[in-house]
Amino acid sequence: KPLSFVYDIADIIKFESVVPKAFEIAARHPAEPDKEVRLACRDIFRSSKLTGKLIPLIEEVLAAGEIEPPQPAPDMLPPAIPEPESLGDSGHRGHG
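UniProt numbering puts the first residue of the sequence shown at 1, with every later residue one more than the last.
These aren't lab readings, by the way, just hints derived from the structure by calculation. Heads up, a few of these hints could be off.
[To be verified] Derived Cβ-Cβ restraints for the label pairs, each shown as a range: (1) K21 - G52: 27 to 35 Å; (2) D8 - K49: 18 to 26 Å; (3) E66 - A10: 21 to 29 Å; (4) K35 - P69: 35 to 43 Å.
A virtual CB, placed ideally from N, CA and C, is assigned to each residue, including glycine.
Take the sequences, apply the hints, and build the full model.
Quick look at the structure:
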């Protein structure tokens, strides 16, 4: 089930960021804890540049289970801004 994998990845991220912040906010007993947690999560995701870490995390999880990443869909469009060709093998992406 594709969504269960999404939730597994979310759990990994959640326990490193969302859960500690939620407990910190709950300890203060704010009037709108849900709003404060939502805003705090937004700030955490931005400051930690979380979106840039998602793909490497997914690749790491798949590699740990010795699962081949899915092949691109046959009707997939190329990236709007192509990445420059990298140097080295798949373990070295040529980004310094």
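Hints versus structure:
1. K21 - G52: 27 to 35 Å: For K21 and G52 the Cβ distance comes to about 20 Å; the hint is violated.
2. D8 - K49: 18 to 26 Å: 21 Å, holds
3. E66 - A10: 21 to 29 Å: 22 Å, holds
4. K35 - P69: 35 to 43 Å: Distance hint for K35, P69 holds at roughly 37 Å.
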